[in-house]
Amino acid sequence: MSNQFDTIIEGQKKAMEFWSSLSEQMTKAFTPETNGKSKSADDAQDLFTEWYKKQQDFFEQAVKAGQDPQKAIEKAPEQMRQWMEIQTEYAQKWAKFYQNNAEKMGLKLPEFQGAFNPSGFFQDGMKSWKEWMNKGNKWMSEQVYDKMPYSMRPHFTNFVESYDYLHRYWEPMQRLIQNGMYTKEMIDKYFSPDSYQKVVNQMMGFRPVGNTSELIENVNKWFETFLSYTTNEAGDWSTVSENWKEKMREYMDKGNVPFFEMATDFNNRMRDQFAPYYNIMAQGRQTEVVKMMRDIQFAYISFMLKSAELQSMVYEAGQFSMPDTVRDFYKKFKDSKEMPEYQDFFQHYVNTLENTLLEVLHSEEYSKLQSEVAATGTSIKAMTDKIMEFTYADLPFLTKSDGDDFAKESNALRQKMRKLEQKVAELEKALLLAGKPMVSKSVEIKNEEVAETKGDSKKKLIDKIGKASKAQADDLKQIKGIGPKLESMLNELGIYSYNQISKMTAKEYDIIDELLGTFQGRAKRDEWAKQAKSLL
Amino acid sequence: MSTTNGKISDQILESVNTVSDALRNISGVKDVDIATAPRTTVWEDGKVKLYHFERENKALAKTPALISYALVNRWEMMDLQPDRSLIRKLVSEGIDVYLIDWGYPTKIDRYKTIEDYILGNINDCVDFILDKHNINKVNLLGVCQGGTFSLMYTSLFPEKIKNLVTLVTPVDFDNDEGLLFKWAKDMDVDAIVDGFGGIVPGDFLNTGFDLLKPMNKTRKYMALPETMADQGRLMNFLRMEHWVADSPAQAGETYRRFIKDMYQHNKLINGKFELGGRKVELKNIKMPILTIYAKEDHIVPPETTTPINDLVGSKDKELMEFPGGHIGVFVGSRSQKLLTPAIAQWLKDRD
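Those sequence lines, one after another, are chains A and B. Quick note: the first sequence uses this note's numbering, first residue 1, plus one each step. Quick note: the second sequence uses this note's numbering, first residue 1001, plus one each step.
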């Protein structure tokens, strides 16, 4: 990274050296030794003294301001600009002086050209200075930008753009501050609604639905075409155009931006008028999709209109912030005759703008409209989702509704568990109150342990009654009390034959009860061993 | 004369160098790190995690503190910079700190209710800590919306909470000054939650937050060159940017209920709020309670917070004013130097 700066600094250094040697050379030509005492020499001396004094004043102030390193960094670019202006002024005076005096002094000087064109040099100098600033700014934004979270980046670039945009108007704005706000052309040129909207959009991170006035124009055109069509076609459409005309008249003398309300209303009427036709058409999935798309279209137009209205509320509120700021600074300038710093001006503008915007944001009207915009916008998203799901209904995807079912299911389980937990807690409490020991965690038997105990019991059982395989299986259902379910459960334990069962005693009956859990006491009651023996 | 000019160019070069120093700062930045206080995950349930912050020496208070942050934005705000960290400071002041990380809700969480958060998650975390430390009561520290949750929880389970601290916590939602409060009243929350398919994206919330002070971003970027001249300030700017952008989605049903029952019907302070069929009554809160509000808070204005002090049944109760804004409570220098030590002392006095 150092290369870029070193190059720039190196360039600056060369420019300085060049300027020093150039000045020295030029002054030499007018020194009294060469030309004797002359008015020109005096003038040259005056010019130089003036320049030198200006420099001295400048540096005195610069050094004073530079006590605080933080401030020095802030002011450095501005000081650089001021210093360059002093140099430019000096160079231009020199150039003029040179031209006026060259002939008198018997010198035939060529036109100032190339490296020896001082004013040209300084114009170039200013150009490179600006270039240096721009490059630096650009590099800086790129560096910061890369380290910002993705979603913050647009805000930053928007800001940089709007800042540059206003900065470009700084010079003409200075003239407005000096001369007051009376020049209508100037105001029209620099404070057009379009440029104002652009700045507000960028600084507030608005994503405009489009140019508001363009939108209005287009919708108007569309309505006009539509109306001329409906007037010719008559039929059911006539009610639409009747309503439209009626509304037009109704809104003529009303409120601020009746257009949006009127257009939204018209949009809704259109939708309702269309509904019966679509209902007739909407048979089968394809037409159903068309119907959904129609709904989306109307909702979208409605969303566009509402957001445009919302934004125009904001634009309307803030449109005088810039002229107001200029006016404020004009008053200050009249008193102090000092040109403001661009930063101060910009800051003042931003604060004025925010205050006016907050007034709107706090209004009842804005809050309601914002809610409508949000609701309409999200409803469009929901409808689009629905269309997607409908279209892909036959494909082996898990749709949003399937996901919804999972989420519902998982939450039902969560709540059920919570209820059970609560019940357990209550039972524990009741047990404790009854003086019984609490079911504590240490008594809890882990799953592995259960499996192990089960394995042990099973081993004991088989050890006693002997092994058998499926091949040796008897029909255990012949034993009273054993049904198909119990038979398969016994099989799972490795019990297949009458022979095995005939060897069971009360102890083995207990083990079976423990292992199977269900059918408790049945083996004992029905005397399985005795039955099995008789079947052998 | 050339010597004079030589000096001038030296001086100018000096300025140019100073400016380029500022520019050099940024190139040194590699990663932006937040939430660096060492911690262990001691309990989890799905996306929700309970952290325990590590400490070098023994805690000075025997009762640990559980922090319940808001569902909006992330808890990292409490440990944004190593030298401005509410969590690190609490730890160093001798408090044993636990914190619930709510995670990032996704579609599966769309039916997660406010009960699941409070009767489920918070209660589970409290039980875990009680069990681990073999104690009967824990300190609860609720932040913003997490503070409202803490009040609800404590009203239902006062026997488990030793001391309650709420930071910039809204309780009276009948307020017109705060834009969020005003807008939430007009909000068609059903349309929003259903429209988003049950999960409200963080960007949606962030748009609203941005509009509270519409020119704040502009101001922030305006000051950027100045900010960048200082390596430390630059890093903190980037940390804050990362925190702001990191905005989790909201579980739809919880969001719907919170907007309706709190912002639109103000049920909590009217004694009409229920959780899992149980009435939530703030006067059941009888343990010591510390209510902290920020004087310049434009997100949760003081008027929405201070009524806590009047509504609870505690005898030992205290209102503490922080001279700053909502975010300043966590990252302000006064927070680090005064507020956090005061909280720690308040807890130690009631250990």
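None of these hints come from the bench; they were simulated from the model. For clarity, every value in this text was computed on a predicted model and none was experimentally measured. Think of the CB as a built atom: it goes at the ideal place given N, C-alpha and C, for glycine as much as any other residue. Take the hints with a grain of salt, since some may be wrong.
To be verified - In silico EDC-like cross-links for lysine to aspartate or glutamate, where the CA-CA straight-line distance does not exceed 20 angstroms:
| id | chain 1 | residue 1 | chain 2 | residue 2 |
| --- | --- | --- | --- | --- |
| 1 | B | Lys1217 | A | Glu142 |
| 2 | A | Lys368 | B | Asp1176 |
| 3 | A | Lys368 | B | Asp1033 |
| 4 | A | Lys386 | B | Glu1177 |
| 5 | A | Lys533 | A | Asp456 |
| 6 | A | Lys429 | B | Glu1159 |
| 7 | B | Lys1160 | A | Glu409 |
| 8 | B | Lys1107 | A | Asp344 |
| 9 | B | Lys1107 | A | Asp295 |
| 10 | B | Lys1220 | A | Asp146 |
| 11 | A | Lys419 | B | Asp1124 |
| 12 | A | Lys368 | B | Glu1159 |
| 13 | B | Lys1217 | A | Asp146 |
| 14 | B | Lys1182 | A | Asp164 |
| 15 | B | Lys1217 | A | Glu426 |
| 16 | B | Lys1107 | A | Asp385 |
| 17 | A | Lys400 | B | Asp1176 |
| 18 | A | Lys381 | B | Asp1190 |
| 19 | A | Lys459 | A | Glu492 |
| 20 | B | Lys1213 | A | Glu428 |
| 21 | B | Lys1217 | A | Glu161 |
| 22 | B | Lys1137 | A | Glu372 |
| 23 | A | Lys381 | B | Glu1159 |
| 24 | B | Lys1182 | A | Asp344 |
| 25 | B | Lys1220 | A | Glu341 |
| 26 | A | Lys423 | B | Glu1159 |
| 27 | A | Lys408 | B | Glu1177 |
| 28 | A | Lys368 | B | Glu1177 |
| 29 | A | Lys416 | B | Glu1274 |
| 30 | B | Lys1217 | A | Glu372 |
| 31 | B | Lys1160 | A | Glu428 |
| 32 | B | Lys1030 | A | Glu409 |
| 33 | A | Lys386 | B | Glu1159 |
| 34 | B | Lys1182 | A | Glu428 |
| 35 | B | Lys1049 | B | Asp1127 |
| 36 | A | Lys147 | B | Glu1177 |
| 37 | B | Lys1213 | A | Glu421 |
Unchecked claim - Far from chain A by the CB rule (all over 10 angstroms, computed), these chain B residues:
| id | residue |
| --- | --- |
| 38 | Arg1055 |
| 39 | Ala1070 |
| 40 | Ile1192 |
20 angstroms limit on alpha-carbon distance, applied to hinted pair lysine 416 (chain A) and glutamate 1274 (chain B): The hint holds at about 18 angstroms.
Agreement of lysine 1182 (chain B) and aspartate 344 (chain A) with the hint, judged by alpha carbon distance not exceeding 20 angstroms: violated, 33 angstroms
Pairwise hint evaluation, aspartate 295 (chain A) against lysine 1107 (chain B), where the allowed Cα distance is 20 angstroms at most: Measuring from Cα to Cα gives roughly 26 angstroms; hence the hint is violated.
20 angstroms Cα cutoff - pair lysine 429 (chain A), glutamate 1159 (chain B): holds, 14 angstroms
20 angstroms limit on alpha-carbon distance, applied to hinted pair lysine 1217 (chain B) and glutamate 142 (chain A): Cα-Cα ~18 angstroms, so holds.
Straight-line alpha-carbon gap lysine 1220 (chain B) to aspartate 146 (chain A), limit 20 angstroms: holds, 17 angstroms
Holds or violated: lysine 1213 (chain B) to glutamate 428 (chain A), with C-alpha atoms at most 20 angstroms apart: violated, 53 angstroms
Holds or violated: lysine 1030 (chain B) to glutamate 409 (chain A), with C-alpha atoms at most 20 angstroms apart: Answer violated: lysine 1030 (chain B) to glutamate 409 (chain A) is near 45 angstroms, above 20 angstroms.
Restraint check for lysine 386 (chain A) with glutamate 1177 (chain B), where alpha carbons must lie at most 20 angstroms apart: violated, 39 angstroms
Proposed proximity, aspartate 1033 (chain B) with lysine 368 (chain A) (alpha carbon, max 20 angstroms): Violated - the C-alpha atoms of aspartate 1033 (chain B) and lysine 368 (chain A) are around 40 angstroms apart, more than 20 angstroms.
Arginine 1055 (chain B) remote from chain A - nearest C-beta pair above 10 angstroms: holds, 27 angstroms
Holds or violated: lysine 381 (chain A) to glutamate 1159 (chain B), with C-alpha atoms at most 20 angstroms apart: It is violated: about 46 angstroms lies between the C-alpha atoms, which goes past 20 angstroms.
Of the numbered hints given earlier, the model fails hints 3, 4, 5, 7, 8, 9, 12, 14, 15, 17, 20, 22, 23, 24, 27, 30, 32, 33, 34, 36, 37 and 40; all others are met.
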